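Following the hints, put chain B in place on chain A, whose structure we already have.
Those protein sequences? They're chains A and B, same order as listed. Counting from 1093, one number per residue, gives the positions in the first sequence under the working numbering. Counting from -13, one number per residue, gives the positions in the second sequence under the working numbering.
Check the hints yourself; a few may be wrong.
Here are the computed lysine-lysine pairs in the DSSO-like style, where the Cα-Cα straight-line distance is at most 30 angstroms [unchecked claim]: (1) A:Lys1176 x B:Lys153; (2) A:Lys1215 x B:Lys251; (3) B:Lys153 x A:Lys1374; (4) A:Lys1278 x B:Lys211; (5) B:Lys0 x B:Lys90; (6) B:Lys212 x A:Lys1374; (7) B:Lys55 x B:Lys0; (8) B:Lys55 x B:Lys90; (9) B:Lys(-12) x A:Lys1278; (10) B:Lys(-12) x B:Lys0; (11) B:Lys153 x B:Lys251; (12) B:Lys212 x A:Lys1215; (13) A:Lys1165 x B:Lys153; (14) A:Lys1374 x A:Lys1215; (15) A:Lys1215 x B:Lys55; (16) B:Lys384 x B:Lys(-12); (17) B:Lys211 x A:Lys1374; (18) A:Lys1215 x B:Lys211; (19) B:Lys212 x A:Lys1278.
Because the hints were derived from the structure by calculation, they are not lab data. If you're wondering where the values come from, they're calculated on a predicted model, not measured in any experiment.
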Amino acid sequence: MGTTFTVENRDQLVEAVAWAAAEQQPLEVIGGASKRGLGRPVQAAHTLDLSRLTGITLYEPEELVLSARAGTKLSEIEAALAEKNQMLAFEPADLSPLLGSAPDSASIGGALACNLSGPRRIKAGAARDHFLGVESASGRGELFKSGGRVVKNVTGYDLCKLICGSYGTLAVMSDVTVKVLPRPQKTYTVLILGLDDATAVQAMSRALGSPHEVSGAAHLPAPLAAGSDVSYTAKAGGAVTALRVEGPGPSVEYRCAALRRELADLGETEELHSQNSLAFWKELRDVRPLQAPAERAVWRISVAPNAGPEVVAAITEDSAYYDWGGGLVWLAMSAEGDAGAGRVREVLASVGGHATLIRAPLKVRAAEAVFQPQDPAMAALSARVKDGFDPHRVLNPGRMYAGL
Amino acid sequence: MKMPAPDQAVIEAKFDIVAALRAIVPGEGVIVDEDELRAYETDGLTAYKQLPLIVVLPETTEQVSRVLKCCQERGVKVVPRGAGTSLSGGALPLADGIILGLGKFNRVLEIDYDNRCAVVQPGVTNLGITHAVEAEGFYYAPDPSSQIACTIGGNVAENSGGVHCLKYGLTTNNLLGLEMVLMDGTVLRIGGKHLDSEGYDLLGLLTGSEGLLGVVTEVTVRILKKPETARALLLGFETAEQAGDSVAAIIAAGIIPGGMEMMDKPAIHAAEDFVHAGYPLEVEALLIVELDGPQAEVDHLIAEVSRIAEAHGAVTSRVSESEEERLSFWAGRKAAFPAVGRISPDYYCMDGTIPRAQLPLVLRRMREMSEKYGLRVANVFHAGDGNLHPLILYDANKPGELEAAEDFGADILKLCVEVGGVLTGEHGVGVEKRDLMGTMFSEADLKQQQRVKCAFDPEALLNPGKMFPQLHRCAELGRMHISGGKLPFPDLPRF
Chain A
1093 MGTTFTVENR DQLVEAVAWA AAEQQPLEVI GGASKRGLGR PVQAAHTLDL
1143 SRLTGITLYE PEELVLSARA GTKLSEIEAA LAEKNQMLAF EPADLSPLLG
1193 SAPDSASIGG ALACNLSGPR RIKAGAARDH FLGVESASGR GELFKSGGRV
1243 VKNVTGYDLC KLICGSYGTL AVMSDVTVKV LPRPQKTYTV LILGLDDATA
1293 VQAMSRALGS PHEVSGAAHL PAPLAAGSDV SYTAKAGGAV TALRVEGPGP
1343 SVEYRCAALR RELADLGETE ELHSQNSLAF WKELRDVRPL QAPAERAVWR
1393 ISVAPNAGPE VVAAITEDSA YYDWGGGLVW LAMSAEGDAG AGRVREVLAS
1443 VGGHATLIRA PLKVRAAEAV FQPQDPAMAA LSARVKDGFD PHRVLNPGRM
1493 YAGL
Chain B
-13 MKMPAPDQAV IEAKFDIVAA LRAIVPGEGV IVDEDELRAY ETDGLTAYKQ
37 LPLIVVLPET TEQVSRVLKC CQERGVKVVP RGAGTSLSGG ALPLADGIIL
87 GLGKFNRVLE IDYDNRCAVV QPGVTNLGIT HAVEAEGFYY APDPSSQIAC
137 TIGGNVAENS GGVHCLKYGL TTNNLLGLEM VLMDGTVLRI GGKHLDSEGY
187 DLLGLLTGSE GLLGVVTEVT VRILKKPETA RALLLGFETA EQAGDSVAAI
237 IAAGIIPGGM EMMDKPAIHA AEDFVHAGYP LEVEALLIVE LDGPQAEVDH
287 LIAEVSRIAE AHGAVTSRVS ESEEERLSFW AGRKAAFPAV GRISPDYYCM
337 DGTIPRAQLP LVLRRMREMS EKYGLRVANV FHAGDGNLHP LILYDANKPG
387 ELEAAEDFGA DILKLCVEVG GVLTGEHGVG VEKRDLMGTM FSEADLKQQQ
437 RVKCAFDPEA LLNPGKMFPQ LHRCAELGRM HISGGKLPFP DLPRF
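Here chain A stands alone, though its shape is the one from the complex (with noise of 0.2 angstroms):
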């Protein structure tokens, strides 16, 4: 029978760890839960549970900077942030809906562990371009620091960057710094309606090579837009391409009279303000669209913008839609068998880019490969770069890869 570590602080936090290296014991490390449905089922009989080591410990808002626990619920440093104006500039995503997990579980250290950013990721950087600092336990049972509490350093290597995105499976976060950025004051939306994918993936391309700053580019084909909460977008009556502007008030009108503008060959637009506009982009940030049906796997895929659309082509006729101007696909498919691995994993070794099968039923996440398959070389690379941090595997084996 497993035991459940929850730990309250940093040095319980190592001795937990600590212990682990040296009996060999195998640990699932847990924030809030929200994720543990992410990934490939951990190999562990034993479960660290960080959900008590909270509370922001260092909030500065003229320098721009938030330290807290890695346990620190999301909702509490959004909240904090709120107060004073502020964000998290990457726009982490509440998956707890399109995961089933508990509401509002979401928490600083497993957002920075998964890397997960939202729409704004083509403007501001991902969750890794915001994490300044940590204190993590190696799987050694060692404390050690990176990185520190100013954006500009380049004193050693950043392990930051290593460790976000690496599943828990290189140390285990006991506190993170992360930059946080000023709220826009406004966020208006400008709407294209009625494009086929492969002209909304133009469209977005003109956008984004524009100099009038687009913080959101995506693209809902007809029957996704159609589910929206937002009855602009519902009511379309057809495809939604929507194109994110923020910043002061003068700005944005500005831009947006801009935008429109100079896209109006491709068709009839429309703009979204205030609640409209900051609850569409919620939306795609959290993946509502392909929440339900509940039973269907769900593909997140990277690829160059401009191949989004032929990767969807060819990978399904099902639901899909498009983020980063055509470079993030969220797709939904029959979970049945290998939930489409075979087929996703074909299209993509000629297109390049990489895919994770985001939700799938445990079995195939057990079967499948649930992150995008490295080559010989890269493989051996990691598992070197593992060796490093967790020589006894002892933190998430096997979250990312078998054996690793």
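Same frame as chain A, now just chain B:
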């Protein structure tokens, strides 16, 4: 500066090594002549000089791979080099090592406007990328001061910044993909034209790894559309505190300027004497704030920043009314280093970062140190992100002054760490700050970094003597010291 003891066996085998390298890189790509080697004896940190054993200038990834494999088999150390503009001695040669120069990798391979990226070889200069795409109105955002000379490969190695990185990020935030070669000759491709990496973020790790993990042979960067317009403000203050408070207030108002630079009085005077930019000479601190973006936004924010600066005691305020005037505001700042070079025989440029609020304290302590060491200091400062560049003025011909300048510099960097900052913001550790790493990192921190090095280069042949104050053998680093399987916190309830 103590470098790893040269391997006499390698030096004695020079003839054989040259023959083996010539079999890989034919013709003039292998340099052994002492006069020609002289061009490679130092980089931007000219206080340190060392002739390399051999210089190799390959032209293809395959040659790089074979050269590295050959060196690994023979236990020969390798120092990669771009344009040699490093300010931290990152490309300082080793007496028993080869310099692997990437200068012949100078082609722009592909420009993809649809996907807003460019694929270039590592020897292309930073500004060369912008030149390749500017006809279509695009540019490459990171802009280190040496951008006319420094290469993108070197930028990747050092994670270079520039005056615009407050808004547009450092090199690491503007990369999409790399091709790189490991010390054993393995060629790897990381990323591509898509965002974010599959598996571990090796792209992020490689950026800023100072040539210790692999040799970059191809780089894919993001390119951006040039902002519609840019305007700058030139703001003078009677105290550095007021200037610092203005910076904090601008950011607190939700404004992230394209660039925000501060200069202190000695730097203002040196720059004004040199380029006659029209800087006010009676002020203690000068801020240059540049807003870029859509015309409507820039005009709006210029007014906001003016108001904030006035409220914080700005005694002079000018707004650029033309592109020519904007560039004149920058002329003095961009010429600050050579300007300081005119008022002193030598200067030593430091590169710490501090939390911005600590600026008044750091400037005061620096003045005290200046008196203690008897050396003048001029300050230029990337005010938006807290990156300080104190320039210590000295005369290398006066006995003891170089040493005093180095001690003064080390004290400044220790102070940066003490107030919550870091040793280097954008110039890298190299040899220069190597022995100060212990002020910022514990032994456990440094050992964990070296375990990462072991995953890439277990024989420690790639750029040794840089970054780490002490080289541990990988076998030793891999050993586990088990203290016994004590059950964790037995007094806590379990679930």
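Verification of the supplied hints:
As the CA atoms of Lys1176 of chain A and Lys153 of chain B are separated by approximately 20 angstroms, the hinted pair is consistent with the 30 angstroms bound. For the hint linking Lys1215 of chain A to Lys251 of chain B, the alpha-carbon distance of about 37 angstroms lies beyond 30 angstroms, and the restraint is violated. At roughly 24 angstroms between alpha-carbon atoms, Lys153 of chain B and Lys1374 of chain A fall within 30 angstroms of each other, so this suggested pair holds. The suggested pairing of Lys1278 of chain A with Lys211 of chain B holds, with an alpha-carbon distance near 22 angstroms, which does not exceed 30 angstroms.
A threshold of 30 angstroms between alpha carbons decides the hint, and for Lys0 of chain B with Lys90 of chain B the separation of about 24 angstroms falls inside it, so the pair holds. A C-alpha spacing of about 29 angstroms is found between Lys212 of chain B and Lys1374 of chain A, which places the hinted pair at or below 30 angstroms, so the restraint holds. Distance restraint check for Lys55 of chain B and Lys0 of chain B: the Cα-Cα separation of roughly 16 angstroms lies within the 30 angstroms cut-off, and the hinted pair is therefore satisfied. Restraint check: the Cα-Cα separation between Lys55 of chain B and Lys90 of chain B comes to about 20 angstroms, which is no more than 30 angstroms; the hinted pair holds.
At most 30 angstroms may separate the alpha-carbon atoms for a hinted pair to count; Lys(-12) of chain B and Lys1278 of chain A exceed this at roughly 56 angstroms. Distance hint between Lys(-12) of chain B and Lys0 of chain B is fulfilled; the C-alpha atoms sit about 23 angstroms from each other, no more than 30 angstroms. Simply put, Lys153 of chain B and Lys251 of chain B have alpha-carbon atoms about 26 angstroms apart, close enough for the 30 angstroms limit, and the pair holds. Of the pairs offered as hints, the one joining Lys212 of chain B and Lys1215 of chain A holds, with about 14 angstroms between alpha carbons and a cut-off of 30 angstroms not exceeded.
For a cut-off of 30 angstroms, the pair hint linking Lys1165 of chain A to Lys153 of chain B stands: about 28 angstroms separates their Cα positions. Restraint check for Lys1374 of chain A and Lys1215 of chain A: the C-alpha separation of about 16 angstroms stays at or below 30 angstroms, so the hint holds. Annotation: proposed proximity of Lys1215 of chain A to Lys55 of chain B is violated, straight-line Cα distance about 40 angstroms (limit 30 angstroms). Distance check on the hinted pair: Lys384 of chain B and Lys(-12) of chain B sit about 23 angstroms apart at the alpha-carbon level, within 30 angstroms; holds.
Between Lys211 of chain B and Lys1374 of chain A, the direct Cα distance comes to roughly 27 angstroms. Compliance with the 30 angstroms bound is thereby established for this hinted pair. Taking the CA atoms of Lys1215 of chain A and Lys211 of chain B, the gap is about 12 angstroms. The hint holds against a cut of 30 angstroms. Distance restraint check for Lys212 of chain B and Lys1278 of chain A: the Cα-Cα separation of roughly 22 angstroms lies within the 30 angstroms cut-off, and the hinted pair is therefore satisfied.
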